[in-house]
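Trainee: Now for the letters of each chain:
There are 2 protein chains.
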Amino acid sequence: MTALFGFALVLSCSAHVFALKSHLFRQRVPGPADTDVDYKTYYFDQKIDHFGFLENGTFKQRYLVADKHWHKEGNPILFYTGNEGDITWFCNNTGFMWDVAEELGAMLVFAEHRYYGESMPFGAESYSDAKHLNYLSSEQALADFAVLIRYLKESPATNRSAVIAIGGSYGGMLAAWFRMKYPHVVAGALAASAPIWQFPGMVDCGVFYRIVTDDFSRGGKNCDANIRVSWKAIDKLSSTDEGLQWLSREFSLCAPLTKGFDLKSWLQETWVNLAMVDYPYKANFLQPLPAWPIKVVCENLRFSPEVPEQELLSGVAKAAKVYYNYTGEASCLNISQSATGNLGMMGWFYQACTEMVMPMCTDGVKDMFEPQEWNFQAFSDECFSMFGVRPRADWAAVMYGGKAIASHSNIIFSNGGLDPWSGGGVLQSPSESLVAVWIPEGAHHLDLRYNNEYDPKSVLDARQQEVAIIKQWIKQWAAHTQREL
Amino acid sequence: MTALFGFALVLSCSAHVFALKSHLFRQRVPGPADTDVDYKTYYFDQKIDHFGFLENGTFKQRYLVADKHWHKEGNPILFYTGNEGDITWFCNNTGFMWDVAEELGAMLVFAEHRYYGESMPFGAESYSDAKHLNYLSSEQALADFAVLIRYLKESPATNRSAVIAIGGSYGGMLAAWFRMKYPHVVAGALAASAPIWQFPGMVDCGVFYRIVTDDFSRGGKNCDANIRVSWKAIDKLSSTDEGLQWLSREFSLCAPLTKGFDLKSWLQETWVNLAMVDYPYKANFLQPLPAWPIKVVCENLRFSPEVPEQELLSGVAKAAKVYYNYTGEASCLNISQSATGNLGMMGWFYQACTEMVMPMCTDGVKDMFEPQEWNFQAFSDECFSMFGVRPRADWAAVMYGGKAIASHSNIIFSNGGLDPWSGGGVLQSPSESLVAVWIPEGAHHLDLRYNNEYDPKSVLDARQQEVAIIKQWIKQWAAHTQREL
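Protein sequences, first through last, are from chains A and B. 427 is the number that my numbering gives to position 375 of the first sequence; each next residue is one higher, with no gaps. 431 is the number that my numbering gives to position 379 of the second sequence; each next residue is one higher, with no gaps.
Check before you lean on any hint, since a few could be wrong.
Since copy identity is lost for identical chains, a pair holds within one copy or between any two.
Within a straight-line C-alpha distance of at most 30 Å, the following computed DSS-like cross-link-like pairs (lysine-lysine) qualify [to be verified]:
| hint | residue 1 | residue 2 |
| --- | --- | --- |
| 1 | 455 | 124 |
| 2 | 455 | 205 |
| 3 | 183 | 92 |
| 4 | 273 | 92 |
| 5 | 120 | 509 |
| 6 | 112 | 183 |
| 7 | 527 | 455 |
| 8 | 418 | 92 |
| 9 | 527 | 347 |
| 10 | 527 | 334 |
| 11 | 124 | 311 |
| 12 | 527 | 288 |
| 13 | 205 | 418 |
| 14 | 284 | 205 |
| 15 | 455 | 523 |
| 16 | 92 | 347 |
| 17 | 120 | 311 |
Please keep in mind that the hints were generated in silico from the structure rather than gathered at the bench. Everything numeric in this text was worked out from a predicted model, so none of it was measured.
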């Protein structure tokens, strides 16, 4: 369980809305020995405000550099456009870059996004109020990246290097936007599982949860059907104290349940997370999980949806424990773990409440969730009460172009068929140099993970294609640079 | 005389630096019946801050619309990206748009730049301090344009219309940058006399004044040579009270001269302005002037540079009066006219003091001016004392790409051989769709002016080429839009 749910509790009337924002972006600091990546940590003095001159202060932006395979002047730089979390976590979870570094002779740079990890513009005050949060935006983050790269390229050893932006999820959106807005800085971008169209008016707000549902539908007989009927069953049981007690016991909750809503929000989030991390091998991204975790979850939900409520919910509880207690180490499950100490979540909430407005909705028919419409006004009101700011629904489209991106170049949009975020992704190549890569068996940015013996062929092919295209960009950059100098 | 000089006086140690910034951007509200343009005036509620969410206020952005020739749904929109001045003045001085509106069946829109004309984010307080000035930047202005166009295209009549950005001088820079940063909003940009490379490290800081000098060198025998020796002569005469009195009389100054520096700054500005408006016909852009005004000026400077100081400066005074009193209506010349009421100048100073850092220098050898090096630190210190902000020398390059613009598309960069700003312009086509247009006989954005019987063939050809390319962009846009819908 993460911080998010704490917020979901607070935001009772549409926990939903916030829950949705969080799935993509959950951060987790890796345990020791997650990988054996080897990098050096640096800090760069960034302007707090790139777009105004009144605030002339700076902050330390953290970035990580690995140059083990970078032996030659002008060799490329793979630049991870950090998203809403601790950059070391992204560094450890972007095995693709480590896997291809030698082949490309590339330097790896992982740049932390402002307001996350250690890169706090105002130290401990950064999240204190709307005034201090005012410099948290994708535009400021992209400017940070551009300024940092300018600095990194001041040396004769790097000043001709092609820089390739790489990112997953919101980091993938940043990678794509970085190439769109700063094509003089990056030769190309690999935008993995980047839902750049999950904005108002671009895609059906129901697509995200339909994909989650499809994953569970394929996960096993009756799996989605049983989840679909579970909500009413929870309502019924949680209407009495005895029912609440029974649910608390059955789900092994650390604290007794006081209302069914909390359990439902938590479960909804659980199913979404499972859809995102339905990887073909044992992995530890959001949680330690078995290979193809949805299949394992669904083994607990094969019975007929007609079974009595308690039998149904016993199955649901077992299913949830696959996600929360695969290791068997959890003595109880904690659905009220709060946001404290997890600035990443708070940052993403703020971003969702300003420019990252991503409508989501459910209808309970084409998806297995309780019906909930997208209600911008309610969302806006919550944002205002939480941060004192209101979201600007159209801004992302104005700034980043929405679907009209064909005049840009050199971006790979990779998406996985299992990933609910693919619903807001670019699935058809908009042009010859904007290439959509489809990984039918892929969950959330599977292609950015280390090679694994259980990888489906589709992701191996995708990575191969990505590397081939990146090599083209590097050549192209060299040719340009030659001409320009 | 304009506001600028008032500032030059204040900023004694490098009036020069500021003077340079102003030539491009002088504003002047047109007199009645300057032209017979017919437009409607509108006001659009713009966010004061597009890049932060703390400041959620709005202001009224003025824009002008002329749709006399726009008869058909989906027909194009020519959009003037307003620069640092009253938009009605640009509207009246961009005859090109009025001339081609019928042929293109185009709607004309002239959008005022924030902090100029009537488009004041904080009304009368807009210029009161650095806090209120904090939203004056090219990025905010471009976002204004993008948001305004989104609004203009909400109607079914316009939502498929290709929008072509057009601008001259700083407005041309904005047009080019607009296409670079918002290619989903504008199909292409005509950037006339846009010195997008007049930034640190991109061109020789001396090129601007060398071009001015070349213009005077071609203007008549001994013309540049006499101006070159005039500075020392002024120094000598102004070293005594009698000399100062003599100069004040000779130049018909409204107020007696107290130091030679003031006269020199004013003259330097005069020669620069003449180079900018050396048009082939009688015109009234910065001042009412005869055709080819530099030739007329130089008729007063044909004597040998060996003549005695007073004879020399008598000639210079006559030359200056061509610029300041061609109509004969001025009873005296006012070199201390202050900045009061001319917010345009103040705005441009602020922009120069923040992101529009344009190095200029003179050596007195390759140009006819007194040697002055580019001194960033001194400039920065003046900015700080004036506005409490410091310029960011590299920011424009980071943001807009400097010379590495080849991956963009659909921009025409037109420049005139007589225009000193051409030194910072794009003179060679960077790619097939980034087209440089050269007008050897052209001064500052001559191509954006009305057709005139005295126009040289080169500008007629340029306009024809520009229209042909704009037509291609419109077709291209229609094809794209068809595919996307």
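Trainee: Taking the hints in turn, state whether each one holds.
Mentor: Results of checking the hints against the structure:
1. 455 / 124: between (39 Å within a copy, 25 Å between copies)
2. 455 / 205: Between copies only: 16 Å across chains, 32 Å inside a chain, cut-off 30 Å.
3. 183 / 92: neither (33 Å within a copy, 39 Å between copies)
4. 273 / 92: neither (49 Å within a copy, 66 Å between copies)
5. 120 / 509: within (29 Å within a copy, 61 Å between copies)
6. 112 / 183: Classified as both: same-chain Cα gap 19 Å, cross-chain 24 Å, threshold 30 Å.
7. 527 / 455: Answer is both; intra-copy 28 Å and inter-copy 19 Å each pass.
8. 418 / 92: neither (48 Å within a copy, 50 Å between copies)
9. 527 / 347: neither (43 Å within a copy, 52 Å between copies)
10. 527 / 334: neither (37 Å within a copy, 53 Å between copies)
11. 124 / 311: Classified as neither; 62 Å inside a copy, 60 Å across copies.
12. 527 / 288: neither (63 Å within a copy, 62 Å between copies)
13. 205 / 418: neither (51 Å within a copy, 34 Å between copies)
14. 284 / 205: neither (59 Å within a copy, 46 Å between copies)
15. 455 / 523: Intra 27 Å, inter 24 Å, cutoff 30 Å: intra and inter.
16. 92 / 347: Classified as neither: same-chain Cα gap 39 Å, cross-chain 65 Å, threshold 30 Å.
17. 120 / 311: Neither: 54 Å inside a chain and 65 Å across chains, both beyond 30 Å.
The structure does not agree with the numbered hints 3, 4, 8, 9, 10, 11, 12, 13, 14, 16 and 17 stated previously, though it agrees with the rest.
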